[in-house]
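Asker: Chains as they are written, first to last, in our numbering: chain A, 1163 to 1451; chain B, 5 to 207; chain C, 12 to 601.
Every clue listed holds true.
Pairs of lysine-lysine, DSSO-like flavour, derived with a Cα cap of 30 Å:
(1) B:K14 to A:K1242
(2) C:K379 to A:K1232
(3) C:K536 to A:K1230
(4) C:K42 to B:K169
(5) B:K169 to C:K37
(6) A:K1342 to A:K1318
(7) C:K536 to A:K1233
(8) C:K379 to A:K1230
(9) A:K1232 to B:K14
(10) A:K1232 to C:K536
(11) B:K171 to C:K37
(12) B:K14 to C:K379
(13) C:K544 to A:K1232
(14) A:K1305 to C:K254
(15) A:K1233 to C:K544
(16) C:K379 to A:K1242
(17) A:K1233 to C:K379
(18) B:K14 to A:K1233
(19) B:K14 to C:K544
I should point out that these hints are in silico values taken from the structure, not numbers from a laboratory.
This one's a predicted model, so the numbers in the text were calculated from it and none came from an experiment.
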Amino acid sequence: MLVPIMLLLVGLGTVVFHFVSPWWWTPIASNWGYIDDTIILTFWVTGVVFVGVVLFIAWCTYRYRYQKGKKADYEPENAKLEWWLTILTTIGVAAMLAPGLWVWNDFVTVPEDAAEFEVVAKQWEWTYRFPGKDGKLGTTDAKYINDDNPFGINPKDKNGRDDILIDDGEVHLPINQPVKVLLRSIDVLHDFGIVQFRAKMDMVPGTVTSFWFTPTRIGEFDVLCFELCGVGHYAMRGMVVVDSVSDFQAWLDEQPTFAQSLAEAESDSDKSSNRVFSEASSPDREIAR
Amino acid sequence: MGIFQQLTEKPWLTVEGKEPAEQRAFSLESPHVGLRVFLAVATVLFTLFLVVYVERMTFPDWRPLSEPWVLWLNTLVLVISSAGFHWAWVNADRGDLDGIKTGLLAGGMASFAFLAGQLWAWRLLVDLGYYDMANPAIGFFYLLTGLHGLHLLGGLVAWFRTSAKVKAEVGLAQLRLSVGLCAVYWHFLLVVWLVLFGLLLLT
Amino acid sequence: MAYVAPAEVEQIPPAEVEDVELYHAKSWVTKYVFSQDAKVIAIQYSATAIAIGLVGLVLSWLMRLQLGFPELFDFIEPSDYYQFITVHGMIMVIYLLTALFLGGFGNYLIPLMVGARDMVFPYVNMVSYWVYLGAVILLIVSFFVPGGATGAGWTLYPPQAILSGTPGSEGGIILMLVSLALFIIGFTMGGLNYVVTVLQARTRGMTLMRLPLTIWGIFTATVLALLAFPALLVGAVMMTFDKLLGTSFFMPALVEMGVYLDYGGGSPLLFQHLFWFFGHPEVYIVALPAFGIVSDLISVHARRHIFGYRMMVWAIVGIGALSFVVWAHHMYVSGMNPWFGFFFATTTLIIAVPTALKVYNWTLTLWKGNIRFTLPMLFALAFIVTFVNGGITGLFLGNVVVDVPLSDTMFVVAHFHMVMGVAPLLVVFGGIYHWFPLITGRMLHEGMGQFHFWVTFIGAYTIFLPLHYLGFLGVPRRYFEMGETNFIPESAQDLNAFVTVVALTVGVAQIVFFINLFWSLKNGKLAGHNPWKACSLEWRTAHVPPRHGNFDDLPVVYRWAYDYGVPGADEDFIPQDVPPDRVSTGKGEV
Ligand code: HEM
Ligand SMILES: [Cu+2]
Ligand SMILES: [Cu+2]
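Using the sequences and the hints, build the whole thing.
Answerer: Right, here's the structure in full:
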């Protein structure tokens, strides 16, 4: 009797845990509500199967427990039953896949009016770049990276001069404005992810990756790194602050442009060092040995 | 029976017995089957390298390199070596021990010559200044030729053991098996080399 | 019922094959150390795999301690933590489960179950084990080189794997790559044996469709491994070149810690494709043997033929084939071309169909059976529950857009532990309880076994079920500590502490299992021949445990391995080698 009861408890316990668990996703703050809906749908379809299977074996172990002298039923195959199960399963799978692909199509189709900004990752901090008045980001290359030009912007590219640079880890975005995030890393793989936006993407040195979303709620949202990038991975934090449009503009206007930061660097060039990032703003290098 | 038929049999119905030979999936001797399976694995390995090679070529830093001329010579030598083993195999089928010996000797020596030639090719490349590993074409050249050479070295172990068997005058049947295995392996390495060489030439 | 009555059956001509010549050990060393007997090699493989698995287990405790009580254990530094997860993951997936299922169970069961005296190439088989042992030793050694073992995660992604921001980027990573290469070489030697033995050395009457599903699972998994491991080898060799010779196969131009390195132009994604081209089939390399073994456990202990045998075989083969075209579902957010997502999500969800059919057929085997709650059966039931649970969460992660919020969170950790950690390990335990009587001639102790079972099953389920919900919350995987956020509640830490306590308990409870193993070796109830009344050939040897050469006379097979509950027969099982005219049917033997 123990076995059927325990199986029953495991099945039901799982369901109960699911419903009473205080650990669940945080309220969404972007346009990706469809992703949440797809998850809920998947929960229903798969949940029914899970509970069904567990209850069925619990019942089998009760109903067909060993009796001396009894013989099991002999029916090696039942094509009809197997066909039905195949068809039902296929329907269930399609019911999850179709909406999933449909939402994915949204996810990979960037709207025309999306504004672009760039996230640049390095071990283990986040920096950001907005296009300046010209609306265009300057081209970049790892070989331009140095003390005065940590973003590696091509100094000869006119488009880059007015780029706005933010290097303290906190970035502001205007509410309800679709944005395409361009992702770049200067050293290793990282992953720019914001839980409340339900979106994330790896950054791969050597290429630019991207994703898009629309922030829909004013507030502060933690940026976490979701790709193991060395000892400091767990402490690689940033912040996205979603503002009203006017607050955002005010904030942006205060940030330095590339030209300004170059000029500034020239004025105190005597303090130059041969390392690019002399100040350790992330978990200390000692840990890394 | 075709594999499809075998796999759709209803095992709870078929009760009639079969001759043992029929239970084998292949009529080849097991060592040959083993070798073929191994060759399949090696093929996957080389194919993956080639796929990665072609993929890596699409990146902008790829600079083609000019292959040293001695590779042509080496190719010829490898053909000779493969032919030597084939000769040995043919003679093993005929039961001609002298023929086996000649074939094995020619095949083995030509293989050593090939390896020496490959090393020479490396030397030539270095002399030409091609040791800048940052150029992926060069890295691949050393990697692929090295890997092929390693496989050939492994084959030479088998060659050595087969020659020892000739010395020890084991039975002809056993010899035919060993020689046959060597021959198949050398043919395989020849084909791999031709594909590699072709790819290196073309890019 | 489509049962052919014995009278209608053709007679089988007497055996005419000459017996193979066996290698005979001449000394203690060649008998027990450098042995060429697949059964001894199997024990060696198993013992080594379990020993290194225990190292992996201890590492998991250390990680759990850190996660459960982040402030408490000063001696665990972030770099240690990353080394622990890396080596733990690698050990569990490759050095424990792959080696145990294929090298351990495969070596023991293949010759016995197909009715062969030994593997086809015993010498190569022996070398295979020693190369594997070398790989294991290198892995351990990597902890003690300067800089320690690699902390790049079991995925070993470049560029970080070979750069200084990652622990063990000096020597550890090299040793890890070399160890993997050795493992692959050793495995290939063993794998050739398993494949060729199944293809060529089956005994008279053992057609493909009369093979027990255990053999189908192990065979298909071996084929997958032979074809998939080369991808890992290619990646490992090329990364070694990048590290040691300065090539740029995978290394793009980059600035590391302020220094512009000499690399340029390489592609990190290329490595990821190679890795997962191996990595996904690897999941099935672990799962397929488990599928096979559990099918046999269920059938034997439910006293019923496996339901839908043919579908089970086709599903194993189909899943194996499909597993080569789904790899990029591990890379949905890797920055690869997002349009790949459509293809890989579709293939991934298609695999769910044959997998689900297998689950149905297991449950339908129980249905109308005559189920004995023996220990192997209990573990098999627990396998179904955990496997279904873990399989279902795979549907979340495979459905590309759902994966976006969940990838690289604790949800993933929970998923793969459930599906390829807990579920296969339960089968390993079930298999050990099932075949221990064959291997040693004695039964394992029932009471200790029951205790071990319930703690392990309920415990492991309790560890990994809640972790999914941390994943929903957004807790990333591979985090040394969560630190402050403005969205993760305090209670998440309590949950972590709870999970740690359970994990330690379950871990410690394994001691009972080992006590049982050693105690029963001497004191277990004598098993006798065929204690479970099973049909397959491994139980039909003249001696228990089987001796070198397995059988006295090679058995001749007359039926499939699942003639349980055959109508008309006296007993509820008819072993594979019982000729139709020897089946007793109540009227005495025909
Ligand atoms: C009860 C036993 C186990 C416990 C408590 C355990 C615990 C853990 C923990 C805490 C992590 C690190 C999570 C993170 O921070 O990302 C981890 C990672 C991992 N575990 Fe286990 N584990 C166990 C058994 C297994 C088994 C049997 C497998 C075999 C499949 C396995 C495979 C892995 C893998 C592949 C990783 C990922 C390593 C990486 O991220 O690179 N574990 N485990
Ligand atoms: Cu990171
Ligand atoms: Cu996968």
